[in-house]
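Participant: Under my numbering, the first residue of the sequence shown carries the number 3, and numbering increases by one thereafter.
Keep in mind the hints are simulated off the structure, nothing from the lab. Fair warning: there could be bad hints in the mix.
Straight-line Cα separation of at most 30 Å, DSSO-like style, residue types lysine-lysine; simulated pairs [said to hold, decoys possible]: (1) K159 with K54; (2) K132 with K54; (3) K114 with K132; (4) K159 with K114.
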Amino acid sequence: GKGVTLLLDWLAGTRSEHRDRILKHEAGHFLTAYLLGIPITGYTLTAWEAFKQGQPGLGGVTFDTQQLSPNPLALSEMRLTLDRFCTVWMAGIAAETLAYGDAEGGLEDRQKLRSLLTTFGYSESDCPLKERWAILQAQTLIQNNQASYEALIEAMKQRASVAECYQIVQQYLAEN
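With the hints as constraints, model all of the structure from the sequences given.
Facilitator: As structure tokens, then:
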């Protein structure tokens with residue numbers, strides 16, 4: 003259960019590369035959500051931080067997902083919203099792949115994406131193609147905003163608030 007998750011996260015977290023991977027992964031989610039206009043409600047970088055905030059799992063960036071709630075959105079608007087969330091959920095994998103050539107994390111992200119896609123009528127066989135598309139979109143956003151991304155990593159490493167992270171990203175976007 004939760005105790006095992008906390009223990010395994012603590013043991014893995016003692017490795018500096020593992021901590022850096024998590025940081026880059028979560029900064030990828032944060033930056034792409036910001037750039038795509040999805041409100042960020044918080045973030046955690048360890049299972050312990052997630053536990054203290056009442057979140058399941060190993061931690062991560064949390065978003066306001068109200069845009070995905072059933073409401074009378076036009077079909078084209080819903081597709082755009084869905085594409086944005088797919089890109090954000092695959093951004094952690096994209097960030098890790100850019101930095102390390104592969105991704106260790108992201109299983110939960112893939113599960114969220116597949117669940118969302120099937121909820122909106124996509125078949126299981128459509129999901130891998132949508133994942134690859136979203137990863138490429140996220141990689142492009144991260145690469146095109148590299149200075150903001152690097153500054154965001156440093157801010158998140160210091161556990162800056164969401165508002166402070168927003169300011170840092172805005173500052174770098176204004177400069178570039």
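Participant: Hint by hint, say whether it matches the structure.
Facilitator: Going down the list of hints, with the structure as the test:
For the given pair, K159 sits about 18 Å from K54 by alpha-carbon distance, which is consistent with the 30 Å threshold. The straight-line distance between the Cα atoms of K132 and K54 is roughly 34 Å, outside the 30 Å bound, and the hint therefore fails. Restraint check: the Cα-Cα separation between K114 and K132 comes to about 13 Å, which is no more than 30 Å; the hinted pair holds. A distance of roughly 25 Å separates the Cα atoms of K159 and K114; the hinted pair therefore holds under the 30 Å criterion.
Of the hints listed earlier, the one the structure fails to meet is number 2.
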